[in-house]
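Asks: These protein sequence lines are chains P and S, in that order. Those letters in the first sequence? Residues 0 to 294, by numbering that gives the first Met the number 0. Those letters in the second sequence? Residues 0 to 164, by numbering that gives the first Met the number 0.
Bear in mind the hints are in silico, worked out from the structure with no lab data behind them. Owing to the predicted nature of the structure, the values given are computational and were not obtained by experimental measurement. A virtual CB, placed ideally from N, CA and C, is assigned to each residue, including glycine. Treat the hints with care, as some may be off.
[To be verified] Cβ pair distances, simulated, as ranges:
1. S/TYR108 / P/LYS251: 22 to 30 Å
2. P/LEU288 / S/ASP40: 35 to 43 Å
3. S/GLU104 / P/GLU274: 14 to 22 Å
4. S/TYR108 / P/GLU177: 45 to 53 Å
5. S/SER111 / P/SER37: 31 to 39 Å
6. P/GLY269 / S/ALA27: 27 to 35 Å
7. S/SER65 / P/HIS96: 33 to 41 Å
8. S/ALA27 / P/SER37: 26 to 34 Å
9. S/ALA128 / P/SER37: 21 to 29 Å
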Amino acid sequence: MAKVDEYKMFEGCTIGNRIPFIEASARKVFDKLGIKTSEGPFACCPDPVGFNSVDHSSWLAMGARNLTIAEAEGKDIISLCNGCFQTLKAVNHELKHDEHEKEKINKILSSIGKEFNGSINVWHFVEVLYNIGLEKIKENVTHELSGLKVACHTGCHYNRPSEIMQTDDPMKPVKLRELVAATGATPVDYEEEMLCCGAGVGNIEEEPSMQILANKFSSAINAGAEAIVVICPACFQQMDTNQKKAEKQANKTFGVPIIYLTELLALSYGIKSEEIGLKFHRSRLNALLEKHGIK
Amino acid sequence: MVSVDFELRKKVMDAHIKDTLKYCYQCARCTDVCPVSKVTDGRYDPRQIILNSFLGLKEAIFNQESNFNLWGCTICDTCDEVCPQKIGLTEVFAVLRNMSITMEEGPEYYTSQASTIYDSGKAIPMQTAIERRRDQLGLPKIEPPNIEEVQKILNETNLNKILKK
Numbered sequence: 000m001a002k003v004d005e006y007k008m009f010e011g012c013t014i015g016n017r018i019p020f021i022e023a024s025a026r027k028v029f030d031k032l033g034i035k036t037s038e039g040p041f042a043c044c045p046d047p048v049g050f051n052s053v054d055h056s057s058w059l060a061m062g063a064r065n066l067t068i069a070e071a072e073g074k075d076i077i078s079l080c081n082g083c084f085q086t087l088k089a090v091n092h093e094l095k096h097d098e099h100e101k102e103k104i105n106k107i108l109s110s111i112g113k114e115f116n117g118s119i120n121v122w123h124f125v126e127v128l129y130n131i132g133l134e135k136i137k138e139n140v141t142h143e144l145s146g147l148k149v150a151c152h153t154g155c156h157y158n159r160p161s162e163i164m165q166t167d168d169p170m171k172p173v174k175l176r177e178l179v180a181a182t183g184a185t186p187v188d189y190e191e192e193m194l195c196c197g198a199g200v201g202n203i204e205e206e207p208s209m210q211i212l213a214n215k216f217s218s219a220i221n222a223g224a225e226a227i228v229v230i231c232p233a234c235f236q237q238m239d240t241n242q243k244k245a246e247k248q249a250n251k252t253f254g255v256p257i258i259y260l261t262e263l264l265a266l267s268y269g270i271k272s273e274e275i276g277l278k279f280h281r282s283r284l285n286a287l288l289e290k291h292g293i294k
Numbered sequence: 000m001v002s003v004d005f006e007l008r009k010k011v012m013d014a015h016i017k018d019t020l021k022y023c024y025q026c027a028r029c030t031d032v033c034p035v036s037k038v039t040d041g042r043y044d045p046r047q048i049i050l051n052s053f054l055g056l057k058e059a060i061f062n063q064e065s066n067f068n069l070w071g072c073t074i075c076d077t078c079d080e081v082c083p084q085k086i087g088l089t090e091v092f093a094v095l096r097n098m099s100i101t102m103e104e105g106p107e108y109y110t111s112q113a114s115t116i117y118d119s120g121k122a123i124p125m126q127t128a129i130e131r132r133r134d135q136l137g138l139p140k141i142e143p144p145n146i147e148e149v150q151k152i153l154n155e156t157n158l159n160k161i162l163k164k
């Protein structure tokens, strides 16, 4: 693997424009690990669930335009979001493997003086952290989170469809679990680990979406998880913002904190919770932080 | 009387690069693992849509009492992973959903998100309160995208017409 000096940061619409505290934790962790990033005038990735369902060609053209911005600087993209990651990686893949589509999209891009070449790679931040090496991840831990039991939830678009994504095992991913374990926390085994968060179907009907979410929570909590660690802002919002709705639907109390992997790493690196805006979570973290002696 | 729509058949077969749709033998592994099918008593059923697609039964896919049969998919890509014939179901669903949008049967959420992306370049436009929060968190300003460029390419793909812009 070629050494990457600097990545183009793709924080995406949800993290950048709605829940930026997650970006704060990511940037602080990247700084500690020497991962360099720079900004770019990117548009929406666009959403692999929403926009691709509306018009595939528009989705390809918008994704390709974003890729050309990184290509112009010869830099790979690092994504903080499963959705942006899937879109950019899948668009890159489709245009690199389908000459006909590439020609069609490049004709469209020529109207704005751009051309897709397929010369850069797109990375999920979990891959980048994992490739740095677990030893280096551990070296920076000052507050070992030993005793903390968490359920890992990779979300769907991180590793599927595996033929294109090539990040991890499609049905039994390991990288997130190992990164969590590097902080001293214990990833629990739970039956519904691979179950979707249900956000996608929530765009059209709430009940099945909340039922899927409730099933996920029940399984994680039954396995002894005190928190759920996620790596996608759509999963984060579904689990954090909609937790009360899922409780209502299942007639149960979950009260489970949802933590982004970069937040977990930041806490284990001794970064203070107010520096990364943990107070903006809906599912309260105070009791958990207190129990494990985290400030 | 059941009628076969050959145009639909051609579309789903063509749009699928690997042309593997015809190898589906209806084993139902897709529906087995589908999280939505599980919680809706099969009201959403991927196997059924695939069957209707390769048979060209357009009337069984579109213009239904509810569009949940097509739009209920949560796009978790689990079916793609377990399919023994690797037919890439989600790609077929995207083709059908694109058709559903042009037939004006798509859910409002989807067209309004696309409309926001067309207007602002982002699915979630920046707000002053969030800009302030980014500042407080010590985050850099987000470079705005070139909207003119975005709209130019989306006019080329005819999204403006699809969305009646």
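Asks: For each hint, tell me whether it holds in the structure or not.
Replies: Here is how each hint holds up against the structure:
Between S/TYR108 and P/LYS251 the beta carbon distance is about 27 Å. The supplied range of 22 to 30 Å therefore holds. Checked against the given bound of 35 to 43 Å, the beta carbons of P/LEU288 and S/ASP40, roughly 41 Å apart, stay inside it. At roughly 48 Å, the beta-carbon separation of S/GLU104 and P/GLU274 lies outside the given 14 to 22 Å, and the hint is violated. Between S/TYR108 and P/GLU177 the beta carbon distance is about 36 Å. The supplied range of 45 to 53 Å is therefore violated.
At roughly 33 Å, the beta carbons of S/SER111 and P/SER37 sit within the given window of 31 to 39 Å. Checked against the given bound of 27 to 35 Å, the beta carbons of P/GLY269 and S/ALA27, roughly 51 Å apart, lie outside it. Taking 33 to 41 Å as the suggested C-beta distance range, the pair S/SER65 and P/HIS96 conforms, at roughly 36 Å. Under the hint 26 to 34 Å, the C-beta atoms of S/ALA27 and P/SER37, about 48 Å apart, miss the expected range.
Look at S/ALA128 against P/SER37: about 26 Å separates their beta carbons, and that is inside 21 to 29 Å.
The structure shown violates the earlier hints numbered 3, 4, 6 and 8.
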